[in-house]
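Student: Chains U and H, in that order, give the protein sequences.
Counted from 1, the first sequence has number 156 at position 148 by the working numbering; the numbering is strictly sequential.
Counted from 1, the second sequence has number 73 at position 65 by the working numbering; the numbering is strictly sequential.
Calculated directly from the structure, the hints in this document are not laboratory data.
Any given hint could turn out to be false.
One copy or two, either will do: identical chains are not told apart, so a pair holds if it fits within one copy or between any two.
[Unchecked claim] Taking lysine to any residue and the SDA-like style, the derived pairs with C-alpha atoms no more than 25 Å apart in a straight line are: (1) Lys-59 to Thr-92; (2) Lys-283 to Tyr-56; (3) Lys-104 to Ile-117; (4) Lys-283 to His-26.
2 protein chains.
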Amino acid sequence: MTFEVTILGCSSASPSYHRHPSAQVLNIFERFFLIDCGEGTQMQMERYKVKSQRINRIFISHLHGDHYLGLMGLLSTMHLQGRTKEMSIYGPKELKEIINIQLKYSQTILRFPIIYHDTNPDKRDVIFEDEQLSIETIILNHRIPCTGFLFKEKKKPRKLIKEMVEKYAIPIEFLHKLKDGEDYHQGNKIIKNEELTVAGNPARSYAYCSDTLYDERILESITGVNLLYHESTFMNDLIGRANETFHTTSKQAGIIAKKANAKKLLIGHFSARYKDLNPLLLEAQEEFLETRLSVEGETFRVE
Amino acid sequence: MTFEVTILGCSSASPSYHRHPSAQVLNIFERFFLIDCGEGTQMQMERYKVKSQRINRIFISHLHGDHYLGLMGLLSTMHLQGRTKEMSIYGPKELKEIINIQLKYSQTILRFPIIYHDTNPDKRDVIFEDEQLSIETIILNHRIPCTGFLFKEKKKPRKLIKEMVEKYAIPIEFLHKLKDGEDYHQGNKIIKNEELTVAGNPARSYAYCSDTLYDERILESITGVNLLYHESTFMNDLIGRANETFHTTSKQAGIIAKKANAKKLLIGHFSARYKDLNPLLLEAQEEFLETRLSVEGETFRVE
Chain U
9 MTFEVTILGC SSASPSYHRH PSAQVLNIFE RFFLIDCGEG TQMQMERYKV
59 KSQRINRIFI SHLHGDHYLG LMGLLSTMHL QGRTKEMSIY GPKELKEIIN
109 IQLKYSQTIL RFPIIYHDTN PDKRDVIFED EQLSIETIIL NHRIPCTGFL
159 FKEKKKPRKL IKEMVEKYAI PIEFLHKLKD GEDYHQGNKI IKNEELTVAG
209 NPARSYAYCS DTLYDERILE SITGVNLLYH ESTFMNDLIG RANETFHTTS
259 KQAGIIAKKA NAKKLLIGHF SARYKDLNPL LLEAQEEFLE TRLSVEGETF
309 RVE
Chain H
9 MTFEVTILGC SSASPSYHRH PSAQVLNIFE RFFLIDCGEG TQMQMERYKV
59 KSQRINRIFI SHLHGDHYLG LMGLLSTMHL QGRTKEMSIY GPKELKEIIN
109 IQLKYSQTIL RFPIIYHDTN PDKRDVIFED EQLSIETIIL NHRIPCTGFL
159 FKEKKKPRKL IKEMVEKYAI PIEFLHKLKD GEDYHQGNKI IKNEELTVAG
209 NPARSYAYCS DTLYDERILE SITGVNLLYH ESTFMNDLIG RANETFHTTS
259 KQAGIIAKKA NAKKLLIGHF SARYKDLNPL LLEAQEEFLE TRLSVEGETF
309 RVE
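For reference, chain U alone in the conformation it holds in the complex (with noise of 0.2 Å):
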């Protein structure tokens, strides 16, 4: 089952070398979620053939513009090619304030609804849910209200052997249990659930960290995820610059990485200074190796 995503955008606040702000797509199931929203998601979408009519969910991680100028755009283009299927929008709540107001200029009617689904940054929330996946709020540490968001498969029900189910003729209706990993009574005899069943594939998450101090508090919420985006607007030596902006640095992208004992790292919001970003890759590899660079229109498979 597909479970990727898609960078559209991998620069901080000033776009440089033709990095834009930024902006993904998450592929889960062939559902696609747009994370985060900066300007020129909506080219960036046209050039890298991502199909914005399947987008029915969008997540703002807060309100400075490199993260959501893009939006106001998106929804417009939506407008006029004809969408009438609605549209959520999880973010900060003054977001609606925003895209109202130029609507209410623009004297523009979206032909589609969109729900507001406000975020609190203070606490972690499971903020959508379904059989398939659940969708959390992680908080974050940046200089005005900002919030994370992990996206995690449901656990998968455990597989039957189809062997020992036939051997012990377990009732069908008794099956479903089987999978929750209950045991079976057979009389005055217990089965083991171990002996009918194996485990199912695991559940896959993702993390969506972008933008905020080094705060070990996030690993309440990110240990053991499969792949771990994190910010990692400088490399170290401008640790203070990070510090002063609320922002990390790749060498501790590498270390919230390592401790949240994810699998994989993958670094992102990259500062205008920097034109080669090998040696930011390189710093938080020293941390842990298994870290790649985003690159844009590159897709990363959460495995």
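Fit chain H to the supplied structure of chain U, relying on the hints for placement.
Tutor: Frame of chain U, contents of chain H only:
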């Protein structure tokens, strides 16, 4: 003296085929004016090596997103790059509210002052004037309040014919009057100005007309203009759609250039439906031969 416009964006509301929404930079005597600022303008400036720090006046025609959504990001980047020099913005009065609400929620206090100059969509106004040039609004006819902009060099002084000035021994203190076209009185004799001077270089002008219905009332603003930028959203087979949406067809743009006795026509604001723009060019050229297509990154001289 330089007088030229560089196209940064020439698409209408939905960007497509890698065309960007409206934005252009006018260079008059090495003074740089930004006209409209669609989403992605700051990235287009980077691409085409336009130095944003040199821009001190920005002109916004109206509050449809494809004409101003790049403004907030551009101002933010100027701020982050340390700009302190004041910026003048000419546009609809509601623009200030849109900018201010976004500054408020991003908790940003710009390092440079913005001077807002509200445009009046119902009245031709001189909105800027100095010794070199004047800038006037043009009343356009769009779905929401919208103005074009007319940039005019000041009338050039007449040039002295050195030998004649010496022959009649015209006093130095009278020479500026000669340049202004006055005759010279020598005793009872009148020496006609034409004997002493020749016409100065003609004053050049550039008119920006986007977005608008075909409307001959603009002729009072643009007659005799050297370079007319006029929107040309559709081909004439979609004239019904053009009328509905308050836009112009290529044929109509050609007709208005002809009626205005313009020297040259530059068409732009192309609908996303046209991959190949040559048919729009040919249609306009049937009415007005001196037509050019807007091409992003290309510079057109006002001659």
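Student: Does each hint hold? Answer for all of them.
Tutor: Against the structure, the hints come out as follows:
no.	hint	result
1	Lys-59 to Thr-92	within (15 Å within a copy, 41 Å between copies)
2	Lys-283 to Tyr-56	both (22 Å within a copy, 18 Å between copies)
3	Lys-104 to Ile-117	both (14 Å within a copy, 22 Å between copies)
4	Lys-283 to His-26	both (10 Å within a copy, 24 Å between copies)
When the structure is compared with the earlier hints, no violation turns up for any of them.
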